[in-house]
Amino acid sequence: MPEGTLCNKKPVDTAEGITTLLADQSGKKYYEEMTKLEIDSDLLWKTIQNTCKSRIRTWLEICAHCGMCADSCFLYLVNNKDPKQVPAYKIQSTLGEIIKRKGKVDNAFMLHTMEVAWSQCTCCNRCGTYCPHGIDTGIMFGYLRGLCYQQGFVPWEMKIGAGMHRVYNAQMDITSEDYIDTFQWMVEESEEEYPGLTLPVDVEGADIMYTVNAREAKHYPEDLAEAAILFHIAGENWTVPSKGWELTSLAMFAGDWAACKMQVQSVYDAMDRLKPKRMVGTECGHAHRATVVEGPYWAGRPDGRTPVESIHYIEWLAEALRTGKLKIDPAKRIKEPCTLQDSCNYVRNHGLREVAREIISYIVEPGYFIDMSPNKEHNFCCGGGGGFNGIGRFRKQRNVGLKCKRDQILATGAKLVIAPCHNCWDAIRDLEEEFEIGIRWSFLKPLIIKMLIIPDHLKPVEEDVEDDVEGDDE
Amino acid sequence: MYTLLTGPVFYLALGVCMIGMIVRFYRYFNGLSWQLDRVAYKAWPSMGFKGAVRSIYKWLIPYGTYSWRSQPVMTAAFFGFHIGAVLLPLFLVAHNIFLKEKLGISWFTLSTSVADILTWMAVISLFFLILRRVVLPEVRILTDRKDWGILLISMAPFITGLLARYQVGDYSFWLTAHVLTGEIVLFAIPFTKLSHVFLFFASRAQLGMDFGIKRGGIRGTKMAW
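In order, the protein sequences belong to chains A and B. Under this note's numbering, the final residue of the first sequence carries the number 474; numbering is consecutive throughout. Under this note's numbering, the final residue of the second sequence carries the number 225; numbering is consecutive throughout.
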């Protein structure tokens, strides 16, 4: 059975393995090897028999082929209503066909299936809410990705991402030491401006255990500082775990369920170890979906809940504004047309449709907020969800996918797009680069910090009054 | 022929349909798995129940969901057909006389004029649904032979019923044909896509539980999935 050295059915679970894969630029050799990868049909069929039970079987069977899902899919809409982009067609011609053939499919079919699974569906689950029978094609694509992963047909970046979780318990090669060091360093940088700002690491029994997206430590460390500043000003008793700090899961995008379990278990272990009252996760959509919504099931928790109550960053923020822990200076509110990107993963898939709007009511001058249409649980995917943003092989398709969000934003006339989700934030940044429509985009943290009223006792102490008076003359 | 169809074959068709669907219902719910579906059905029965009821209820109301509202013409055709398809077999006067005779039960009946309207509405809607299948590329690509078979099976009792109703040609022939095609529907329900007659409720209940227990409904928001 030909298995490539890079592209094969084995998960990557060593640092060397990851380095070797990364050295293969853009996965050139990896994808070459994939064209020769054989399918283990017996394993595929056995897996389907064991895991494809009444829900998905019934979905595939009773689909009335009515096509009502077509218009729900942004990829169908932006691809000139190509019938091959109809959700029902996409899943019937891939998963449906694999089942019909009892797993006896060839290499070309699996290559095609991989393309459909990662470039024609972002698992936004919008179609699920459009089907009279309640058929959720996004769920089935998640399942299909798992089958593809098992057979080695997974985009290069996703294989690496899942491997990162296996090796580092994070989506990037950041060790726990790196993470704490970076966070510590960022906090020290802001200490002068915010006296008393500290990084409480591994404090037991805190009110809040804060978890992040590894990208923040690697590429956007200011996000870490902002989180610390906001908790500090709100007077929260918070902590970060030195292990189990990563909220995200590229393993979920990859369909590597074993890695998904390992990843969320590391966070749940931190909860058990530190016994915080609650966990607050950063402004990320899929990370919330992975660790809070799906994770308990991967970890085998029969109640489907995390060990301690877990909330999204916007929930904490709305609460802090509501209770007055954070106060906004009305003069500094946003006074330009702005809109909000609803993340599929915590709005449609976790019901947080009003929370961000409550925050908006505090931070945007009345009259300047324009909702996208459609919005809330009916909002379209940013165009880069489900791993789409990160896959070089499907970049062209992703860029076409961005058009839907571009047009939605243009229709609002907004100059600023508030995107409390890493994936959406990336997609909106990329759509500005691609189409140059003249917008800015932002997470909530930096916006809020700019307009906070800082309580006197948290302000920097003015060392010399005379100096200050002189300073006024300038 | 008529005696055979209205006698043993009728009981057989009804029996196959009912038992078949009980089996399928049982197998559906028995096959749900909290770990595979990632929905904690048993841990949150009340949230699940509310979600399921809401999901079924909203979708049974014409224009009751965002999806129904966004495709108004399709929705009109959908309900135009389904209202007739559910009410006519159960509440037509002639059907009730038949049921009384065969099973000793009868209930509320529709007046002839209402029945006529519902029947014509169903037939016209069916033609529209067929037209849609032929004309719209996004529906055409999904359509296979089985879909045409289902349409044919579903349409036949309406057409034969109308021909008998208006006594076009040989009344007794059309009546026999009507009984036969009706029984074909009963036989087909458990084994074809027509199983949605019952499995619609199962599948909707499942997604309702999914959203009620785990996804969008968890934070107390009342969405119609």
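Quick caveat, the hints were computed from the structure, so don't treat them as lab data. Treat each hint with caution, since some may be false.
Unchecked claim - Only pairs whose alpha carbons sit at most 20 Å apart, straight line, appear in this in silico DMTMM-like list of lysine to aspartate or glutamate: (1) A:K102 x A:E191; (2) A:K450 x A:D42; (3) A:K403 x A:D82; (4) A:K218 x A:E189; (5) A:K450 x A:E365; (6) A:K46 x B:D37; (7) A:K102 x A:E61; (8) B:K146 x A:E97; (9) B:K193 x A:E61; (10) A:K53 x B:D147; (11) A:K459 x A:D40; (12) A:K100 x B:D116; (13) A:K100 x B:D147; (14) A:K104 x A:E189; (15) A:K84 x B:D144; (16) A:K218 x A:E192; (17) B:K50 x A:D303; (18) B:K193 x A:E354; (19) B:K42 x A:D303; (20) A:K84 x B:D147; (21) A:K450 x A:D303; (22) A:K261 x B:D147; (23) B:K222 x A:E358; (24) B:K146 x A:E61; (25) B:K222 x A:E189; (26) A:K28 x A:D42; (27) A:K376 x A:E354; (28) A:K100 x A:D42.
As the structure is a prediction and not an experimental result, all values here were calculated from the model.
Hints and how they fare:
Distance check on the hinted pair: K102 (chain A) and E191 (chain A) sit about 62 Å apart at the alpha-carbon level, beyond 20 Å; violated. Between K450 (chain A) and D42 (chain A) the CA atoms are separated by roughly 59 Å; this puts the pair beyond 20 Å, and the hint is violated. Only pairs whose Cα atoms come within 20 Å are accepted, and K403 (chain A) paired with D82 (chain A) is accepted, the gap being roughly 15 Å. Among the hinted pairs, K218 (chain A) with E189 (chain A) is consistent with the structure: their alpha-carbon atoms are about 16 Å apart, no more than 20 Å.
A hinted pair counts as satisfied when its Cα atoms are at most 20 Å apart, and K450 (chain A) with E365 (chain A) qualifies at roughly 14 Å. Restraint check for K46 (chain A) and D37 (chain B): the C-alpha separation of about 18 Å stays at or below 20 Å, so the hint holds. A distance of roughly 15 Å separates the Cα atoms of K102 (chain A) and E61 (chain A); the hinted pair therefore holds under the 20 Å criterion. Under the criterion of a C-alpha separation no larger than 20 Å, the hint pairing K146 (chain B) with E97 (chain A) is consistent with the structure, at around 16 Å.
Our distance criterion of 20 Å between C-alpha atoms is met by K193 (chain B) and E61 (chain A), whose separation comes to about 7 Å. The suggested pairing of K53 (chain A) with D147 (chain B) is violated, with an alpha-carbon distance near 23 Å, which exceeds 20 Å. For the given pair, K459 (chain A) sits about 64 Å from D40 (chain A) by alpha-carbon distance, which is inconsistent with the 20 Å threshold. For a cut-off of 20 Å, the pair hint linking K100 (chain A) to D116 (chain B) is broken: about 42 Å separates their Cα positions.
For a cut-off of 20 Å, the pair hint linking K100 (chain A) to D147 (chain B) stands: about 17 Å separates their Cα positions. For the proposed pair K104 (chain A) and E189 (chain A), the alpha carbon gap of about 59 Å is over 20 Å, so the pair is violated. The hinted pair formed by K84 (chain A) and D144 (chain B) meets the criterion: a straight-line CA distance of about 15 Å does not exceed 20 Å. With a C-alpha separation of about 23 Å, the suggested pair K218 (chain A) and E192 (chain A) falls outside the 20 Å cut-off, and the hint is violated.
Distance hint between K50 (chain B) and D303 (chain A) is fulfilled; the C-alpha atoms sit about 17 Å from each other, no more than 20 Å. About 38 Å separates the Cα atoms of K193 (chain B) and E354 (chain A), which puts this hinted pair outside 20 Å; it is violated. Taken as a hint, the K42 (chain B) and D303 (chain A) pair is honoured in the structure, with Cα atoms around 8 Å apart against an allowance of 20 Å. Between the alpha carbons of K84 (chain A) and D147 (chain B) the distance comes to roughly 18 Å, so the proposed pair stays at or under 20 Å and holds.
Between the alpha carbons of K450 (chain A) and D303 (chain A) the distance comes to roughly 40 Å, so the proposed pair goes past 20 Å and is violated. Proposed proximity of K261 (chain A) and D147 (chain B) is contradicted: the alpha carbons are some 41 Å apart, above 20 Å. For the hint linking K222 (chain B) to E358 (chain A), the alpha-carbon distance of about 17 Å falls within 20 Å, and the restraint holds. Of the pairs offered as hints, the one joining K146 (chain B) and E61 (chain A) holds, with about 11 Å between alpha carbons and a cut-off of 20 Å not exceeded.
The straight-line distance between the Cα atoms of K222 (chain B) and E189 (chain A) is roughly 44 Å, outside the 20 Å bound, and the hint therefore fails. Only pairs whose Cα atoms come within 20 Å are accepted, and K28 (chain A) paired with D42 (chain A) is rejected, the gap being roughly 29 Å. Restraint check for K376 (chain A) and E354 (chain A): satisfied, since their Cα atoms lie roughly 8 Å apart, inside the 20 Å limit. A threshold of 20 Å between alpha carbons decides the hint, and for K100 (chain A) with D42 (chain A) the separation of about 14 Å falls inside it, so the pair holds.
In summary, the structure is inconsistent with hints 1, 2, 10, 11, 12, 14, 16, 18, 21, 22, 25, 26 from the numbered list given earlier, while agreeing with the others.
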